[in-house]
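Trainee: If you want the building blocks of each chain, they are given just below.
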Amino acid sequence: MDKNLLQYDGSKRVLAIVGVLTVAQTIAIITQALFLAKAITQMFHGASFTDVSVSFALFFLAHVIRHTLQWAKERVSYRFAERTAHAFREQLVEQIFELGPQAVGQHGSGNLITLTLEGIPKFRKYLELFIPRVTAMAVIPAVVVLFIFTKDILSGVILVVVLPVLILFLILIGIVSKRRIDDQMETYRLLSRHFVDSLRGLVTLKYLGRSKSHEKAIDTVSNKYRIATNRALRYAFLSSFALDFFASLSVAIVAVELGFRLINGTVGLEMALAVLVLAPEYFTPVRELGNDFHATVDGQDAGNEIRAILATPVAKSESAIPAVTAQTTLALQDVSVEGDDRNILSHINLTLTGPIKVGIVGSSGAGKSTLIQALAGFVNTSGTITLDKVQATLTQDAWRRQISYIPQHPTIFSASVQENIRFYAPQATDEAVRQAAQQVGLLALIEQFPQGFNEPIGQGGRVLSGGEEQRIALARTLLQQQPILLFDEPTAHLDIETEHEIKTIIEPMLDDKIVFFATHRLHWMQTMDYIVVLDQGQIVEQGTHDELLAKNGAYVALRNAQRGVSA
Amino acid sequence: MSYAKTYIVPYLKKYYKVMGVTVLMGTLALLSAAMLSFVSGYLITRTSQRPETILLVYVPIVAVRTFGISRAVFRYVERLIGHNAVLKVLADMRVKLYHALEPQALFIRERFTTGDLLGALADDIEHLQDVYIRTVFPTLIGLFVLLFAVGGVAAVSVPFALVLFFLLSIIAFVYPLWSLYRLKKYQTAAKQQHSALYRDFTDAIFGVQDWLISGRKKVFTDRFITQAQASDQAESKLDYWHQDRAFQLQVITGVIVIIVGLWAGLTAQSGAILPTYIAAFTLAAMPIVEGIIPISHAVERIPVYEESLKRIDGIHSQNTAPEKPAVTPNGTAIQFTNVSYRYPSSDTDAVQDVSLTIAPGEKIAILGKSGAGKSTLMQLLLGNLAPTAGQVTIGDTPAAQIGEAIYDIASVLNQKPYLFATTVENNIRLGRQDATTATIEDVIARVGLQDYIATLPKQLKTQMEETGQRFSGGERQRIALARILVKDTPIVILDEPTVGLDPITERELMEDMLRSLEGKTVIWITHHLTAIEQMDRVLFMDDGQIAMLGTHETLMQTNERYQRLYRLDHGY
Chain A
1 MDKNLLQYDG SKRVLAIVGV LTVAQTIAII TQALFLAKAI TQMFHGASFT DVSVSFALFF
61 LAHVIRHTLQ WAKERVSYRF AERTAHAFRE QLVEQIFELG PQAVGQHGSG NLITLTLEGI
121 PKFRKYLELF IPRVTAMAVI PAVVVLFIFT KDILSGVILV VVLPVLILFL ILIGIVSKRR
181 IDDQMETYRL LSRHFVDSLR GLVTLKYLGR SKSHEKAIDT VSNKYRIATN RALRYAFLSS
241 FALDFFASLS VAIVAVELGF RLINGTVGLE MALAVLVLAP EYFTPVRELG NDFHATVDGQ
301 DAGNEIRAIL ATPVAKSESA IPAVTAQTTL ALQDVSVEGD DRNILSHINL TLTGPIKVGI
361 VGSSGAGKST LIQALAGFVN TSGTITLDKV QATLTQDAWR RQISYIPQHP TIFSASVQEN
421 IRFYAPQATD EAVRQAAQQV GLLALIEQFP QGFNEPIGQG GRVLSGGEEQ RIALARTLLQ
481 QQPILLFDEP TAHLDIETEH EIKTIIEPML DDKIVFFATH RLHWMQTMDY IVVLDQGQIV
541 EQGTHDELLA KNGAYVALRN AQRGVSA
Chain B
1 MSYAKTYIVP YLKKYYKVMG VTVLMGTLAL LSAAMLSFVS GYLITRTSQR PETILLVYVP
61 IVAVRTFGIS RAVFRYVERL IGHNAVLKVL ADMRVKLYHA LEPQALFIRE RFTTGDLLGA
121 LADDIEHLQD VYIRTVFPTL IGLFVLLFAV GGVAAVSVPF ALVLFFLLSI IAFVYPLWSL
181 YRLKKYQTAA KQQHSALYRD FTDAIFGVQD WLISGRKKVF TDRFITQAQA SDQAESKLDY
241 WHQDRAFQLQ VITGVIVIIV GLWAGLTAQS GAILPTYIAA FTLAAMPIVE GIIPISHAVE
301 RIPVYEESLK RIDGIHSQNT APEKPAVTPN GTAIQFTNVS YRYPSSDTDA VQDVSLTIAP
361 GEKIAILGKS GAGKSTLMQL LLGNLAPTAG QVTIGDTPAA QIGEAIYDIA SVLNQKPYLF
421 ATTVENNIRL GRQDATTATI EDVIARVGLQ DYIATLPKQL KTQMEETGQR FSGGERQRIA
481 LARILVKDTP IVILDEPTVG LDPITERELM EDMLRSLEGK TVIWITHHLT AIEQMDRVLF
541 MDDGQIAMLG THETLMQTNE RYQRLYRLDH GY
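Residue numbers (this note's numbering), protein chains in the order written: chain A, 1 to 567; chain B, 1 to 572.
Okay, chain B solo, but in the shape it has when bound:
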């Protein structure tokens, strides 16, 4: 419930007008249905008294026709306005989530290890429209209908209004709260079992080869089927409860109709109302109750939203560092002085006492096993991590103080640069918005994509997605490289850009990359030694420390380990 305060209530407040209109329309739609019954009941009993002239029932006739039409109209308007309001909320929530997520972007992968968190978050926001459409609106509408019904009866008889309130409360409050209480544990169980099924089945699909080889696929299928059936059982408990509840509520509805009918009959006998209203009240009872019944379904859904809200809350609750003022450094020389860094959760240094100078225009390769500290080194350089000891400077400015301005002087090409679902041109233009078409064509040529782009149906205007798999790994990297060339920063960091490419593509891509980056400082984190000869210096990291540093030629002559790795990479 605490999530509701943070993520639901503020939007209800912000959009109270349009939400209020939605609830009003919904209430009017239900009341139209009730009034249609009420007035038709009246009309028929009144006409059975055979009034002198049709003019005496003129008003009810018009009212019947009006209510006959208005229900559908109100309902239609309610749905349109309601969805519009909710989509406004979702737009706000997207911005808010993005705002919270943006500062932690680089470390999100380390904090959340499971699956496609970002995809899940996007889905979560979508799911939250149900909070309004399926919970908030139906509940409020039901309650208003209840109020109207009780108020209407109170005009005739206050005591019976209280009786009616009591009866309708069973449907409006007792059943919803009971459902909520009762179903919560089944819902949680069903959800947990379902996610366990997901996990195991995903494993099995990706490991189908392993199951086949193990010769134990029967073991898996049997286990999975049993597990799935257990999950279904939890779900069928929910569904059975829904069916039982629907039945019980209908029986209660029947009782209410009878009680209202008898009350109307007795009141007419006592002369408090005309007998012509007996049918009106009795027939209106059923549509009123039917407007209140959906509250049960609306309220029991509350636990379903919790997981989505929890995940979103997990992002929002990360206190992010306050915005740093951007300081543009006065040079591009990079200096690491006795730099150490230790992650808060760790008890060893990820980078330990590293000193290194990278001159403007120098090309340096950084190698090392995973966990050796290469990525940490890069984040220290970008100022995303502040050293626990020592200092990283670019020009004379400590990297950690540069803030967002770092991206004006340094670009990063990572292992899997993301290409957005837009045109090739727009993807490249992300590097610099005001790039001319000539510039873009120029970089396309420099990254060696000219011929390929020419074969595409709409050339630069081709959607990345339309071609789907048509862009190979190498081509995608080239597009990403073009984006960086358009950006034209003095420092370029290449973070394992060739993982997953075959050796020939790898070599060609690296040669093209290094050629097109001529004159810039290039820091290339790599897993292979392909094209390493073209670098000015090679640095090996080992357990956070510099294990080797020198030119390719020197290392080849003096370092046995380097020779061995170089030979390995070249197929000897």
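Chain A with its partners taken away, still in its complex shape:
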């Protein structure tokens, strides 16, 4: 039993309602069986049509009540499940945004998307199934078998004995099949991935001239996969086999036992029929629970995963963020960012007064991106950050709203061109959007689109090249007009000519701002007023371009390494 189940809003009430309905339902089940047995017995003894009709009518009434209650149970559980899942989803989405890009990176974007869009429905399904199934399991067999005991002790004994044997078998089968399946999990996984792997690698196979002959491999592996799957299924299906087997076998045993005692005259026909009709009902809840076992386990896992994310503490900062200008003094004192096993940034000390353009360079993994992320308020930092001598925590909206951030691969939303450009400034006029598009050199392209500024881009829309995407991001930034601009490697993936064009657009944007520009591409450094060289998370050199050249240290070494000149 999932102990979290009782903690959801209203779950106790739902459990109580479903419990009461289940008890009522059990009574209906027994009544239904009694009157069906009675009707049959009456017919057998050639009773009058009226008598038989009354019995059948009462049977039907009990039958309808039973299924009405079933319907009500399902509806109540569904509503509860839906309500709870809605609340969970809302909290989850808000939490993801609260935790920001760092958490997205940590949990994996694909994982969070699946969890929100597939995990929540699974969790709902679990709640929806689990409450009625477990209640039925707890109530129906017990009441039914108690009733049978009052009528026919031996049948009751048979049923009571079979259930623990059945459960024991299920456990044994579970252990054996899990071991069997685990044993071949690795082969199984490789085989199952082979096809998608082949499709994704098709271009490569083609270029290697092996794509035609690979068809044979697809066939062979698919069949190996089939054989492996069959082997696993042999065990996987055993538990439902056991459920079916014990349930119907014990009905058979009860029937035969009753038969013997009917011959001896120790039980009456009507009671015997009633017990016969009731016997399968005793097993129904277990079988239903078994059938939905995987759905409930999946849903429970999803629920646990969501709960773990919701439980992640969010650093709430109370410190007020002053309005910054391009003249603000920004100071980092002993700022560090923790990674999994070591600090990604350690003990950064940096004091700057705007307007200033700061280049951040260093080899791969030196911490350039993380420094930009920290300045953007996307990651939690230790140490002290001050803005005009006022201590501030950057991971809050009030700060982020004052910056612009241009990453290597800006997000292009599935929306029109103009909505994308307007993303940070929804109130911008059409004229301003047009102006921005012109400034970044997109106007000619946009005017070629059939729908102009309303052309859909992003997923499912027109595909833009890397340079065009970067221009959209720059247009966004132009509309925003923030005092602080953060660039994270905006041009490294572009071809050199496009890079040059983008550079001519970016350069004038940097004047009279506080700019942090992280890049591998050292040609940007001529534009910068100040350069910070990072290595393994630490600042190893800082100064102006000329100072660093004169110093002939880390910066010069980096330049030489890139040019292939040995120092």
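What the hints contain is simulated information worked out from the structure, not anything from laboratory work. The reader is advised that the hints may include incorrect statements.
What the hints assert, rightly or not - With a cut-off of at most 27 Å between alpha-carbon atoms, the simulated DSSO-like pairs for lysine-lysine come out as follows:
#, chain 1, residue 1, chain 2, residue 2
1, B, Lys237, A, Lys122
2, B, Lys5, B, Lys17
3, B, Lys13, B, Lys96
4, A, Lys212, B, Lys461
5, A, Lys216, B, Lys310
6, B, Lys363, A, Lys224
7, B, Lys191, A, Lys122
8, A, Lys224, B, Lys96
9, A, Lys389, A, Lys216
10, B, Lys185, A, Lys216
11, A, Lys125, B, Lys185
12, A, Lys216, B, Lys461
13, A, Lys216, B, Lys17
14, A, Lys224, B, Lys17
15, B, Lys88, A, Lys178
16, A, Lys224, B, Lys191
The model shown is predicted, which means the values in this text are computed figures rather than measured ones.
Following the hints, complete the assembly by docking chain B onto the known chain A.
Mentor: Only chain B this time, still in chain A's reference frame:
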């Protein structure tokens, strides 16, 4: 439904035996349940007459025990055989899909712009097992059970068999078809809303930084929650309908039980059957109906398969050019003579009047903005595109006539070469199956991976995946390069192999690449000018035309644009 004819029916025909056995087993399982009720009902009423000796009820006793066991056994066998049959179908479908996909491999990205189409296709095939497991089998089994029940009753009374057929038809035909009709629009709506949710949420996750900076995250979350709730509403309509239908079908079941009971009672009174069969018929009614009820659920799923089938059909319906006979060219000199190419969907030339000779062993770099025609040039050379004007020849053979044999003389290292989920060694061996271990070790050394491979837990036998992120971009490119070196073709095309690498890795990788490719014709499409000094010639494409062509030294001396770009790349 037209998809069913192409993608479902042929497999039903091909595997009719094993599928037939599956349906038979499923039917027998349900009939066992019905017969268990039937015989127990008979046994109990018969024994209540207190027969002289137990031998008189010996047969029913054995039958009860048999049916008690056989249901579970039949069901188990049905599931195993059914899954095996379906997996056979899936294996066939995979091969068929691959066969259709293979010729279009290089252009698939241009035809389908959205998402991970290939991953989706692989999933689609997996989903199609439900066609059989959850739709075809339950429907057929339900129908057989219906036939059996009606046939069994017909042995006693033909008119009542007709009545029963009519009653069961409500469950077997009316409800399924009604569900199908009614639910189709909800299903479509639910599906559309769900994919809209997917799109928006994926955007939001990848753009979480943008939402944070915009200070409008509340706008997004509010909108998303509303949207999600609308989607849930469409789904809950479906679920409510399921609950309502389950209830209605149960009420109908109750009615059927009563009608069968009354009929059995009256027939016994008239003497057509013994009274001992009253209980038998009445009790068997419920399991029979329960075998037919799943048809509704099976049939209403049909629209769900449509999207998968549509996507697969989209691949199959592309008429691909007939297989060209492979002609091995008699040389490796490459000649472009006044070549132009225009894509069918375009009204401008992607490559325009290009003339170029590449001598064997020459190293040429091709630069240009995206869309300048670099990739088109490469596809023309590989013969995957035939020029609309002019001629591309390798040796004396037009490239378009070479066919698959092109890959015996030319290798391509693309931007993101795919490394398969197998060992490092197998990945390299893909270049040439019969490569000796010594050869593989040799190329590993040539691409500068020797030391790195030595640190891996199982060296060359390390699974690419086990190490996951352990292979960096540079290392992955080196493994791919090793694969090409094993292949040992006279021409090697490098298609932007260093995008996404940092400058130092980029320089080291290019130097190692060019060194290891010494003596071969190298055509290097590049976005940067790193290591460009080592190339014999440099070519710039601009709007499909050759804008600059010359040696690095000449261009440095005479071409201002080249000088500027070179300086930019070198950090000046």
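Trainee: Take the hints in turn and mark each one as holding or not.
Mentor: Taking the hints in turn, this is what the structure says about them:
1. Lys237/B / Lys122/A: holds (17 Å)
2. Lys5/B / Lys17/B: Given that 27 Å is the threshold and the Cα spacing comes to 19 Å, the pair holds.
3. Lys13/B / Lys96/B: The hint holds at about 16 Å.
4. Lys212/A / Lys461/B: Holds. Lys212/A to Lys461/B sits at ~26 Å (cutoff 27 Å).
5. Lys216/A / Lys310/B: holds (25 Å)
6. Lys363/B / Lys224/A: violated (45 Å)
7. Lys191/B / Lys122/A: Distance of about 16 Å is within 27 Å: holds.
8. Lys224/A / Lys96/B: holds (17 Å)
9. Lys389/A / Lys216/A: Violated, at about 70 Å.
10. Lys185/B / Lys216/A: violated (41 Å)
11. Lys125/A / Lys185/B: Holds: Lys125/A and Lys185/B sit about 22 Å apart, inside 27 Å.
12. Lys216/A / Lys461/B: Holds, at about 23 Å.
13. Lys216/A / Lys17/B: Between Lys216/A and Lys17/B the Cα gap is close to 25 Å, so the pair holds against 27 Å.
14. Lys224/A / Lys17/B: holds (21 Å)
15. Lys88/B / Lys178/A: At roughly 25 Å apart (the allowed maximum being 27 Å), Lys178/A and Lys88/B satisfy the hint.
16. Lys224/A / Lys191/B: Status violated; Cα separation ~34 Å.
Hints 6, 9, 10, 16, counting from the list given before, are not met by this structure.
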